[in-house]
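Asker: Below, each chain spelled out in residue letters.
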Amino acid sequence: QQKVQQSPESLTVSEGAMASLNCTFSDGTSNNFRWYRQHSAKGLEVLVSIFSDGEKEEGRFTAHLNRANLHVSLHIREPQPSDSAVYLCAVNQGGSAKLIFGEGTKLTVSS
Amino acid sequence: DAGVTQTPRHEVAEKGQTIILKCEPVSGHNDLFWYRQTKIQGLELLSYFRSKSLMEDGGAFKDRFKAEMLNSSFSTLKIQPTEPKDSAVYLCASRRQGSSYEQYFGPGTRLTVL
Chain A
-4 QQKVQQSPES
6 LTVSEGAMAS
16 LNCTFSDGTS
26 NNFRWYRQHS
36 AKGLEVLVSI
46 FSDGEKEEGR
56 FTAHLNRANL
66 HVSLHIREPQ
76 PSDSAVYLCA
86 VNQGGSAKLI
96 FGEGTKLTVS
106 S
Chain B
179 DAGVTQTPRH
189 EVAEKGQTII
199 LKCEPVSGHN
209 DLFWYRQTKI
219 QGLELLSYFR
229 SKSLMEDGGA
239 FKDRFKAEML
249 NSSFSTLKIQ
259 PTEPKDSAVY
269 LCASRRQGSS
279 YEQYFGPGTR
289 LTVL
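From first to last, the protein sequence lines stand for chains A and B. Note that this note's numbering has the first sequence beginning at -4, numbered continuously upward. Note that this note's numbering has the second sequence beginning at 179, numbered continuously upward.
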């Protein structure tokens, strides 16, 4: 069973400073990785999807995947207070459509 | 396109009641998912449908939870009977057929069981 863990649990950064979030997973056959953002009282919004090792950029959001190290990260360039939310990492269970979610990182961007 | 719609947004139930949550996926999406979200467990998959056929259900949720897809544009999640531990946010998501596509989530239904 896939295990997905995120760190840190919470993170505070100043507006404009880079924010880096981490996610580790246990199933090395996974090939489908996504980062979601959830503002309180709202649904999840997908930010970046990545399917192969390396980097994928979507606007200010960049995901880095290293499957050998069972690690995927999200970097947010020039974060703004409106980026304050919970960020969730999701990884598929190898060979399945099922996404397993991490417990989330609560990001606070102070102005 | 309209996003995923969920109703009601909030539901309060007494222990032992039957409640039905509703979801309308994005038009044209063939895959539909129900999740439960709690602070302790995070997001857990309850059910997954492809073209109205149940592909997967969360094993731990089988006894009191039943999801149905009555047609391609409407799904329900029935909890019967409810227990206080069912208090959570229930999220519905849909996507085009295939795991390479994004799942689009609805705003969720917050259920409180007294």
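Because the hints were derived from the structure by calculation, they are not lab data. Hints should not be assumed to be uniformly reliable.
Unchecked claim - When the alpha-carbon atoms are kept at most 27 Å apart in a straight line, the in silico DSSO-like pairs for lysine-lysine are as follows:
no.: 1; chain 1: B; residue 1: K200; chain 2: A; residue 2: K51
no.: 2; chain 1: B; residue 1: K244; chain 2: B; residue 2: K263
no.: 3; chain 1: B; residue 1: K200; chain 2: B; residue 2: K256
no.: 4; chain 1: B; residue 1: K263; chain 2: B; residue 2: K217
no.: 5; chain 1: A; residue 1: K101; chain 2: B; residue 2: K217
no.: 6; chain 1: A; residue 1: K(-2); chain 2: A; residue 2: K101
no.: 7; chain 1: B; residue 1: K193; chain 2: A; residue 2: K93
no.: 8; chain 1: A; residue 1: K37; chain 2: A; residue 2: K(-2)
no.: 9; chain 1: B; residue 1: K217; chain 2: A; residue 2: K37
no.: 10; chain 1: B; residue 1: K244; chain 2: A; residue 2: K37
Said to hold, decoys possible - Sample of chain A residues with no beta-carbon within 12 Å of chain B, all distances over it, derived:
no.: 11; residue: A12
no.: 12; residue: L60
no.: 13; residue: G97
In this text, a Cβ means the ideal position worked out from N, Cα and C, and glycines have one as well.
Asker: All hints, please: hold or fail.
Answerer: Going through the hints against the structure:
Only pairs whose Cα atoms come within 27 Å are accepted, and K200 (chain B) paired with K51 (chain A) is rejected, the gap being roughly 35 Å. Taking the CA atoms of K244 (chain B) and K263 (chain B), the gap is about 16 Å. The hint holds against a cut of 27 Å. The hinted pair formed by K200 (chain B) and K256 (chain B) meets the criterion: a straight-line CA distance of about 9 Å does not exceed 27 Å. Restraint check for K263 (chain B) and K217 (chain B): the C-alpha separation of about 12 Å stays at or below 27 Å, so the hint holds.
Distance restraint check for K101 (chain A) and K217 (chain B): the Cα-Cα separation of roughly 12 Å lies within the 27 Å cut-off, and the hinted pair is therefore satisfied. Straight-line distance between C-alpha atoms of K(-2) (chain A) and K101 (chain A) comes to about 19 Å, which keeps the hinted pair within the 27 Å bound. Note on K193 (chain B) and K93 (chain A): the hinted pairing is violated, with a Cα-Cα distance of about 31 Å set against a maximum of 27 Å. Using a Cα cut-off of 27 Å, the hinted pair K37 (chain A) and K(-2) (chain A) holds, with the two alpha carbons roughly 25 Å apart.
At roughly 15 Å between alpha-carbon atoms, K217 (chain B) and K37 (chain A) fall within 27 Å of each other, so this suggested pair holds. A distance of roughly 24 Å separates the Cα atoms of K244 (chain B) and K37 (chain A); the hinted pair therefore holds under the 27 Å criterion. Annotated as non-interface, A12 (chain A) keeps its C-beta farther than 12 Å from every C-beta of chain B; the closest such distance is 27 Å. With a minimum CB-CB distance of about 15 Å to chain B, L60 (chain A) clears the 12 Å threshold, and the non-interface call stands.
For G97 (chain A), the condition that its CB be more than 12 Å from all CB atoms of chain B is violated, with the nearest at approximately 7 Å.
Figure legend: structure checked against the earlier numbered hints; hints not met, in rising order: 1, 7 and 13.
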